[in-house]
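*Asks:* Chain by chain, the residues run as shown.
2 protein chains.
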Amino acid sequence: MKSKDIVLTGDRPTGPLHLGHYVGSLLNRIALQDQYTQYVMIADIQALTDNADNPQKVRDNVMEVMLDYLAVGIDPEKTTFFVQSMIPEIAELTVLYLNLVTVSRLQRNPTVKTEMQQKSFGESVPAGFLMYPVSQAADITFVKATLVPVGEDQLPVIEQTHEIVRSFNRIYGKEIFPEPKALLSQVGRLSGTDGKAKMGKSMGNAIFLSDDEATLKKKVMSMYTDPGHLRVQDPGQVEGNMVFEYLDIFDTNKEKVSELKQQYRHGGLGDVTLKMYLFDVLNALLTPIRQKRMVLAENKEAVLQILLEGTKKVRQVAAQTMQEVRQVMHLNYE
Amino acid sequence: MKSKDIVLTGDRPTGPLHLGHYVGSLLNRIALQDQYTQYVMIADIQALTDNADNPQKVRDNVMEVMLDYLAVGIDPEKTTFFVQSMIPEIAELTVLYLNLVTVSRLQRNPTVKTEMQQKSFGESVPAGFLMYPVSQAADITFVKATLVPVGEDQLPVIEQTHEIVRSFNRIYGKEIFPEPKALLSQVGRLSGTDGKAKMGKSMGNAIFLSDDEATLKKKVMSMYTDPGHLRVQDPGQVEGNMVFEYLDIFDTNKEKVSELKQQYRHGGLGDVTLKMYLFDVLNALLTPIRQKRMVLAENKEAVLQILLEGTKKVRQVAAQTMQEVRQVMHLNYE
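Just so you know, the protein sequences line up as chains H and U, in that order.
Number 337 marks the last residue of the first sequence (my numbering); no jumps.
Number 337 marks the last residue of the second sequence (my numbering); no jumps.
Rather than coming from a laboratory, the hints here were simulated on the basis of the structure.
Check before you lean on any hint, since a few could be wrong.
Remember, identical chains collapse to one label, so a pair may be satisfied in a single copy or spanning two.
[Unchecked claim] Subject to a maximum C-alpha distance of 30 Å in a straight line, what follows is the list of computed DSS-like cross-link-like pairs (lysine-lysine):
1. 122 to 177
2. 204 to 257
3. 184 to 315
4. 177 to 60
5. 303 to 316
6. 303 to 177
7. 184 to 220
8. 199 to 7
9. 221 to 184
10. 122 to 315
11. 221 to 5
12. 5 to 315
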């Protein structure tokens, strides 16, 4: 029997998902769906906050992300998928919540501050971007989520949701919304193939779940290792070597990895041999996902139907929540 | 036959309407409803931007404002009334438009700047308040309004709507929304009974359409005249004298007003006599409105029905607009 807790999680459909998502969130969702009521949201409206001029990209990636979800084993029998833009109640709650948050509070939000710098908006921060923690509070609360899987860097968003829930409950006098708990990710971030701290969709350093075998091989063969390891017989460095970072995470044969590390440090293990081994490990992991994904992609209409059926179910939850909100806010005219 | 133009106007339900509204907007709407398709919105969501902690006040005033509308002769056969909170599409468009406007642009909006100072929010400007020009753009555009009656001070809001419409049309490639024209009010602001530049709902200087005869008399008798006019035989000043300002606006007998002015300037016309005359003029104007309002107030259920029927009609317009928006923004999943 499932716990009473409700999980809300999801992704912005701005690109297909990669190995970083796989270890950082997808595996977690596959586990969570057996324990909890789990909603997975494709956040197309949030994707538009910094992709307003490219809605086709967002639209295309809704399907890519759905294919990734289903291919890795998030199960529509256990998890409810939905698309954010089809839930008008999220926009309604966002507008109502905006009155409970000050502009300066949003400008102080550490997550927003960091991301604004990364995206180098300069003086041209879209209002929708500044507001996105409020929109996320609406995402989380409309399904009355009690657990939200997040990385450490997203904790301020959960804190913002707490503040909104507390204000709402204090002003409108009913405990409609629970204060959600953050479910901190166990696994840290996966580094990019280039050795950079983070694998990113558009950073040219990602291995996508949808990459074909040839692409996977090419990406593995060009991974960042030890730049000082020039000849096979030279000793090589394991620390900061992406191939070993990936083996530590993805190879279940820990003994073999330990042997390879020893051999690499000692000298006599070439990068090509080592990378071919990692390729085999990753390819064994990704082949069934890739195959399932190809089968699913042959019938995109059926995949869309899964998303639409989940969305329909979520609309009922949303309507129920909004009815309660309208009642305590004296907005129930009918 | 009506013009093809569409008028969008309305009020925040934060108090009953007064003589300032009567000359500033209500008379205009009575004229406009014969020429145009006119939508009158009761902006309860906007009222919450600075009344989030008092939703009952907002709710109560929705009815007061409807009673005022119907009592003065805005005709539900000619004008469509609706309540903002029942149109989720306005919230949806608001959220989408927030991506097309920068934070600094909103902070530079002269109307917002002035009102923020008036309301003395200090450092605690609610995000919803800063955003309200975007919400107004949603109000205006979802019915594809082409004419928006405004005072001079609200012109920046129309300008903001133009910018959003232009961005939207440029990015999403279809001319879904017209650029609305401002319909500048012919009449300036009505001063308060205390001589202050503006009659305000909560400034203690307003004559409400719903005031009973005794209240009206009391308010007229305490109006600001010429503080130097102490004895009947003294010459008095007409300029800045509220009684004459009101007579100029409300007395159709211009000859009589001219005579009274001459007499007042010359000396020999007492304030009490003069005020009793103004009282008669205003009472003649307000009595039928007051009576109609009392009859309407006996059947508030029927008044609510008028609002709900209008709202139902507007929901169809909203759904149609949103369908077009979803199509060009590639958000049409069904």
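*Asks:* Which of the stated hints cannot be reconciled with the structure, identified by number in ascending sequence?
*Replies:* The structure conflicts with hints 7, 8, 9, 10, 11, although it agrees with all the remaining ones.
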